[in-house]
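Q: In this text, residue positions in the sequence shown follow the numbering used here: the first is 1093, and each later residue adds one.
Hints in this document: simulated from the structure, not taken from any laboratory. Possibly wrong hints are sitting among the right ones.
Quick list of in silico lysine-lysine cross-link-like pairs, BS3-like style, CA-CA up to 25 angstroms [said to hold, decoys possible]: (1) Lys-1266 to Lys-1218; (2) Lys-1286 to Lys-1190; (3) Lys-1246 to Lys-1256; (4) Lys-1218 to Lys-1286; (5) Lys-1276 to Lys-1286; (6) Lys-1218 to Lys-1246; (7) Lys-1210 to Lys-1276.
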Amino acid sequence: MSKLPSDHFRLFSYFERFVCGCRLRCPIRWAAMVPADEDEWTVQAIGTPFPNNPVKVPGQQNMYVALCYIHGQPLMGRAWNDGGVVQCAFADGREELKGTDISGAIQVLTYDGNHVTKGFFYEWMKYSDYIAKKSEFCTALRCGSSAPIVWPDKGALGTINLEKRTAVIARNQKCCTLTEAQLKDMLVLVRNTKEGPSHCECPECERQGESRKEWPGIGDLTPLHSRLLCQVICDGEI
1093 MSKLPSDHFR
1103 LFSYFERFVC
1113 GCRLRCPIRW
1123 AAMVPADEDE
1133 WTVQAIGTPF
1143 PNNPVKVPGQ
1153 QNMYVALCYI
1163 HGQPLMGRAW
1173 NDGGVVQCAF
1183 ADGREELKGT
1193 DISGAIQVLT
1203 YDGNHVTKGF
1213 FYEWMKYSDY
1223 IAKKSEFCTA
1233 LRCGSSAPIV
1243 WPDKGALGTI
1253 NLEKRTAVIA
1263 RNQKCCTLTE
1273 AQLKDMLVLV
1283 RNTKEGPSHC
1293 ECPECERQGE
1303 SRKEWPGIGD
1313 LTPLHSRLLC
1323 QVICDGEI
């Protein structure tokens, strides 16, 4: 690639990071891509200090995603900060288990970073949209066939069996078993490895916003026109 003037380089950087699809042609974009990191589950005993950066349930002030194993089976449930220490509840299909009902430690899902440093971000998606989308870039957070699912109207979190398409959620200290038809408006947690969250304030997205202000109208180009213009810039023809 020929050496570009500073204005051209800034325009090139904008395209290779945020618009262009020619990943092999854009060395900076290629370098900026990081492999999706693993999920981070922090092992916690009941009553120990609550961990930093827990993954929160939407619409809830003090509800976070937790995991435990009952009779060798992974169950998703809710954890909460009880005066600085961990408390939790899980539905095992027969009853709601809390505190001393759970032997051993649980695991709280945490996320420390952003979509650039981690290579993905967590997104809550309607179950019906998740099924319809079937995207390789949006995969359910899961342990085996178990994944967290939220009943927004009831403020409850439980386990969905992704293979059987049924869920078990504890509500009012009782377990509810739900069929696929009842799950369509509930929320599942997915790993999005393609985009960034809307209204993201990470440094990379802030630079993207600055570039759009500097080059107004560029973000309205179609992907085809974006790639063509980026190719021209890469070849040093402008």
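Q: Now tell me if each hint is right for this structure.
A: Hints versus structure:
no.: 1; hint: Lys-1266 to Lys-1218; in the structure: holds (24 angstroms)
no.: 2; hint: Lys-1286 to Lys-1190; in the structure: violated (37 angstroms)
no.: 3; hint: Lys-1246 to Lys-1256; in the structure: holds (23 angstroms)
no.: 4; hint: Lys-1218 to Lys-1286; in the structure: holds (18 angstroms)
no.: 5; hint: Lys-1276 to Lys-1286; in the structure: holds (24 angstroms)
no.: 6; hint: Lys-1218 to Lys-1246; in the structure: holds (15 angstroms)
no.: 7; hint: Lys-1210 to Lys-1276; in the structure: violated (29 angstroms)
Hints 2, 7, counting from the list given before, are not met by this structure.
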